[in-house]
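Chains A, B and C supply the protein sequences, listed in that same order.
Going by the working numbering, the first sequence opens with residue 1, and the numbers climb by one from there.
Going by the working numbering, the second sequence opens with residue 411, and the numbers climb by one from there.
Going by the working numbering, the third sequence opens with residue 816, and the numbers climb by one from there.
Among these hints, one or two may not hold up.
Now the in silico label distances, taken between C-beta atoms and shown as ranges [claimed, not checked]: (1) A:D89 <-> B:P727: 39 to 47 Å; (2) A:K248 <-> C:L883: 48 to 56 Å; (3) A:E382 <-> B:S565: 18 to 26 Å; (4) A:G273 <-> B:A742: 49 to 57 Å.
Dumping the calculated BS3-like pairs for lysine-lysine here, alpha-carbon to alpha-carbon at most 25 Å [said to hold, decoys possible]: (5) B:K542 <-> A:K405; (6) A:K53 <-> B:K760; (7) A:K209 <-> B:K542; (8) A:K289 <-> B:K760; (9) A:K248 <-> A:K386; (10) A:K296 <-> B:K760; (11) A:K386 <-> A:K289; (12) A:K372 <-> A:K248; (13) A:K298 <-> A:K377; (14) A:K120 <-> A:K407; (15) A:K322 <-> A:K66; (16) A:K322 <-> A:K53; (17) B:K760 <-> A:K377; (18) B:K542 <-> A:K112; (19) B:K542 <-> A:K189; (20) A:K250 <-> A:K372; (21) A:K296 <-> A:K405; (22) A:K250 <-> A:K66; (23) B:K542 <-> A:K138; (24) A:K298 <-> B:K760; (25) A:K289 <-> A:K53.
These are computed hints drawn from the structure, not numbers from a lab.
Being a predicted model, the structure only gives us computed values, none of them experimental.
For glycine and all other residues, C-beta sits at the position ideal for the given N, C-alpha and C.
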Amino acid sequence: MLKTAMCCSALAIMCAGAAQAEPLQVALVETLSGSQASTGLLYRTAAQYGIAKINAAGGFRGEPIKFVEYDSQGGPVGAADRVKAAIADGARVILQGSSSSVAGQISEDVRKYNLRNKGKEVLYLNLGGEALELTGEKCHFHVIRTSPNAAIRFQTLTKGMKELGLMGDKVYSINQNYSWGVDVQSIIKANAETVGYTVVGETLHEVNKIQDFSPYVAQIQQSGADTVLTGNWSNDLLLLMKAAADAKLKVRFGTSFLDQPGNIGNAGSVAEGNVMSAPFNPELNDATKAFAEDYKAKTGHYPAYVEPYAVFGMDMFAAALKSLDDATGPVSANEIVLALENTKIETPVGSLSIRAEDHQAEMPMIIQEVSKEAAFKVDGTEYGFKPLKVYTGADSADPVQATCKMKRPG
Amino acid sequence: MLKKLVAVIAVLALLLALPALLSESMLNASVQMLIAALFATAFALLCGQAGMLSFGHAAYFGLGAFATVHAMNAFGGDGLLPTPLMPLAGAAIGLISGLGAGYFSTQRTGTYFAMITLALAELLHALAPHLKEVFGGEAGISSFRMPAWGFEFGSTIEIYYLVLGWTVLCIALLWGLTLTPFGRLVLGLRENSHRLKFLGYNTHALGTFVFALSAAFAGVAGALQALNIEAANYVVLETQVSTAVLLNTFIGGAKVFFGPAIGAAAMTFFGHVTSDLTRSWLLYQGIIFMLVMMYLPRGIVGEILARFRGEGGAVNPVAVLARFAGILVAAAGFVMAIELTQRFFSTDYKAARQAGGWPAVEFAGHMWAPFAPLTWALPIVLIAAGLGLVTFINRREARRQEAQI
Amino acid sequence: MEQIVFALLNGVIYGLLLFMVSAGLTLIFGMMGVLNFAHASFYMVGAYLAYTLQPVTGFWLAIILAPLLVAGLGIFVERFVLRRVHAYGHAHELLVTFGLSVVIAEVIKMFYGNFPVDYSVPSDLNFSAFALGGMEYPFYRLFMGGVAVVMFAVLYLMLTRTRVGIVVRAAIYRPRMVEALGHNVPMVFMAIFGIGAFLAGLAGAIAGAFYTTNPNMALELGVVVFVVVVVGGLGSMEGAMLASIIIGVMNSLAVGVNVSLADVLARVGLGDWARETGGILTLQLSSLAATLPFFLMLLVLLVRPSGLLGEKE
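Chain A with its partners taken away, still in its complex shape (with noise of 0.2 Å):
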């Protein structure tokens, strides 16, 4: 009798092991301390704000999904290190966005990893590594971006501008001398002809080393032009506004990434009438407006620069979870991929998906302008932004890079 008590109680002991499986574990590794750490705190707001999402709603597979944030202090180096320690530590999702390099580094670790385990398989959630050879020549199977990229922001803006009305003939092209400002360069021109506008200068300047911009300024002015498209982030963004507004150089700004915290306080009145191209924009409608809400209640500020869209891939995420949520049992790489390759859902803005030849994701597109009309206000000015033209997901996608030779599993 005793024994047939042990015996079950034994076997109740395992029953409970199975039925409660293994947490997902899902990793963030992000630069979050140093100097480059704002924009990672950013994506870390973000992911939790998604995470708890899924979470509130039951978790997966009857498991909370278990969070980790790794600091890759950084750079590439301390990206790998961290890559490692975190699938050493359980994680089956990596989570990453604030920069192309290190993105570039887990993708490849990714890939690597997978290589030589396999069975074991690890998903890279490219939040917003937007270089585009991330899903180009560097593609693979165990990727995925939920970012636009530099193609898709550039031909938005510029048609949106366009048939708005608001891109003069004479373009000025500047950009960051890497990668990324070296891509929107290459769009910048390529759409010359197809858009209809000239590219009366070109200037490719170093990263975050510029302190005075007036210089080039005034290689603007000089070139005539009255439309000035730069794919220039944080400082480099600010200081070259700043400069032009300065010198009372008559341009409007078409950018990519105006909405950083803080840009619009410093920029003040000088950003009136500058136009982005965004994945977001909180007054579109009921439904952004209820996000931008619930954001807020939740981390103290309304979603901005790269948060909607990280919040958006995260829910993305969620959805290809809840497609494979009936069984049970830990769940592969795999076939998180294969369902986020399947899976389409509808954000605030308009419909999202994955395409499944290189894995970039398909957006809409806002084009939108900095007024005083805008009624969400930023950075405790009064000035906002309005949307004035949305481009769907099918509309502002790219084709695919025929340098992206993904290689499927089985």
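We have chain A; now place chains B and C onto it with these hints.
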């Protein structure tokens, strides 16, 4: 001598046994620590022993890494050398670039020498992203460790032993170097290069050679890093890498042979552990560094060795323990003050405040309200008590020593 | 023609800003032999303090009070940090200031966050001074240049025409002798450190409003300031002025020069080969504007290590 031998053998045995003792994540941290230790030891040959402060050692570390990645990718990925011998590529490029850079920079001394090394490293760092074929642009260059000699080189354990082997070999070589007449000449370069010149030595050639040797071993360290992460990115040429090795070296003690290695390992470990625990870890690192420079000028290892040699009077174990306790108490109070301040000014707190009022934050398992007296009184009392204890012990020790004289 | 005038004016004024920050650094180096890594951090602290004070005191008082507070910080650092490590040698002094720069940056981030704060030029100063060839020139730039020139004049007169100046200059060359003559050299050191910090703080308070005030501003300026001091000659005020202006103008002019090595080689018929080789040969000068100062520094160090106007090696 026997004592030293026993110590070295014990440390080696421990290092060999580590994979059995540590989790994979900690083992990975150990690999980083070994690489940092080798880099710091190589750097200290130049900076500690020859007395030439270089601000640009990231250049040679980085070149070593890139040379290795290219060597790994040579012949369609088969590699120029078998995987375990790859660091030779790093050593070679480090030696060559070190000879060139050393020839120019050692023509000057002191601050001017430091500035030339800085300028060279900055130039390389600025040019690297433009030379896409060599440095791979922003995404860097990726490579793959090929199996060799019957090993896969896929697991962390294999990498650990590979890195350990190279680190021990290189540090042993550098150690052997200090025992040779050449090693004594290097010290002479630091202490009195004029006299060396009068004795008929070519100090410029000597300086160049020391520079090149240091760069070669830094190149090996870079190569090991490239092997470990199977990639190289021009970010390794950054100034931060140069300053990190400098700081590590001085924290351990630049003039003691094993000081830099221990300092580098300790600081790497510190970063590994604290960066995931607190947002303010760089602040702590900066403060530790300042305190070491101000109160332990010979570095941590240097000061401990000096105490063992009996400098500064006989060691009173009770006083040492009491000082330690005092420092720990003060540090606890300080950490608490910093962490609470950081939390109250964070964006998370701004979010929490939306509901109105001033909610309490969590620290060390308790909730602390921003305007409660205890929240700020406790750290202040801890700091005061800790520092008070240290001051009290110092005064008493000083009196005791006076009485002995 | 107007373009060149503008480029020169822009360059000179940027140079004057560099001078404001580097003046203190070169003074400190000249006297104490310390390359103060935290000097650019004083610049940043000046900007943040002025930003903090501005709503309470107004702009003008803020740009006077902020540098005074920075001077206080500088004196504190000299008295309680640097003096302590002075005996251990220059390497330790340099490294302790490096640690300090990390600490300052982290503390700023803790209180003000990671993003730039909205510190900007007050609207009654935000007008254009004159127009030339359709381009307007902001008054505030001239104001920044003016402050730097006044500062240079005051420092120069103080160093060359007053008794204090004589003691200071003597202490630069022979500190021990000056001490033996009965002057309180540690006191002079402290005062110089305070003045140096004041100047950097003033530069920060004024330039922070014009450029941006963010936690990385010290990092961005820090290395360039070193270059200025080395190129000008360590310890030479006039040298720092000259080097600042050269670097400012060089920066400003290089931006407009879209020439690469390949274009130069084309003159001797190697253009096609160079363009095919690519890499460094097709790199345009304009994209290297911020790197040029390092070329200059390297050149100066190898050819004339004491700097353009320095006498001390």
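Status of each hint after checking the structure:
With their beta carbons about 40 Å apart, D89 (chain A) and P727 (chain B) fall inside the hinted range of 39 to 47 Å. Evaluation of the 48 to 56 Å hint for K248 (chain A) and L883 (chain C) yields a failure: the beta carbon distance comes to about 34 Å. Judged by the Cβ atoms, the range 18 to 26 Å given for E382 (chain A) and S565 (chain B) is violated: they are separated by roughly 59 Å. Our hint of 49 to 57 Å for G273 (chain A) and A742 (chain B) holds, since their Cβ atoms are close to 54 Å apart.
The suggested pairing of K542 (chain B) with K405 (chain A) holds, with an alpha-carbon distance near 21 Å, which does not exceed 25 Å. About 20 Å separates the Cα atoms of K53 (chain A) and K760 (chain B), which keeps this hinted pair within 25 Å; it holds. Between K209 (chain A) and K542 (chain B) the alpha-carbon distance is near 20 Å, which keeps this suggested pair within the 25 Å criterion. At roughly 21 Å between alpha-carbon atoms, K289 (chain A) and K760 (chain B) fall within 25 Å of each other, so this suggested pair holds.
Restraint check for K248 (chain A) and K386 (chain A): satisfied, since their Cα atoms lie roughly 24 Å apart, inside the 25 Å limit. Restraint check: the Cα-Cα separation between K296 (chain A) and K760 (chain B) comes to about 10 Å, which is no more than 25 Å; the hinted pair holds. Proximity of K386 (chain A) to K289 (chain A) is assessed by CA-CA distance (about 13 Å); at most 25 Å being required, the pair is judged to hold. A C-alpha spacing of about 20 Å is found between K372 (chain A) and K248 (chain A), which places the hinted pair at or below 25 Å, so the restraint holds.
This hinted pair checks out: K298 (chain A) and K377 (chain A) have alpha carbons roughly 19 Å apart, not beyond 25 Å. A hinted pair counts as satisfied when its Cα atoms are at most 25 Å apart, and K120 (chain A) with K407 (chain A) qualifies at roughly 17 Å. For the given pair, K322 (chain A) sits about 16 Å from K66 (chain A) by alpha-carbon distance, which is consistent with the 25 Å threshold. The straight-line distance between the Cα atoms of K322 (chain A) and K53 (chain A) is roughly 12 Å, inside the 25 Å bound, and the hint therefore holds.
The suggested pairing of K760 (chain B) with K377 (chain A) holds, with an alpha-carbon distance near 18 Å, which does not exceed 25 Å. Our distance criterion of 25 Å between C-alpha atoms is met by K542 (chain B) and K112 (chain A), whose separation comes to about 22 Å. Using a Cα cut-off of 25 Å, the hinted pair K542 (chain B) and K189 (chain A) holds, with the two alpha carbons roughly 21 Å apart. Simply put, K250 (chain A) and K372 (chain A) have alpha-carbon atoms about 19 Å apart, close enough for the 25 Å limit, and the pair holds.
Straight-line distance between C-alpha atoms of K296 (chain A) and K405 (chain A) comes to about 41 Å, which puts the hinted pair past the 25 Å bound. Taken as a hint, the K250 (chain A) and K66 (chain A) pair is broken in the structure, with Cα atoms around 52 Å apart against an allowance of 25 Å. Pair hint K542 (chain B) plus K138 (chain A) holds up; C-alpha atoms about 15 Å apart against a cutoff of 25 Å. Proposed proximity of K298 (chain A) and K760 (chain B) is supported: the alpha carbons are some 10 Å apart, at most 25 Å.
At roughly 17 Å between alpha-carbon atoms, K289 (chain A) and K53 (chain A) fall within 25 Å of each other, so this suggested pair holds.
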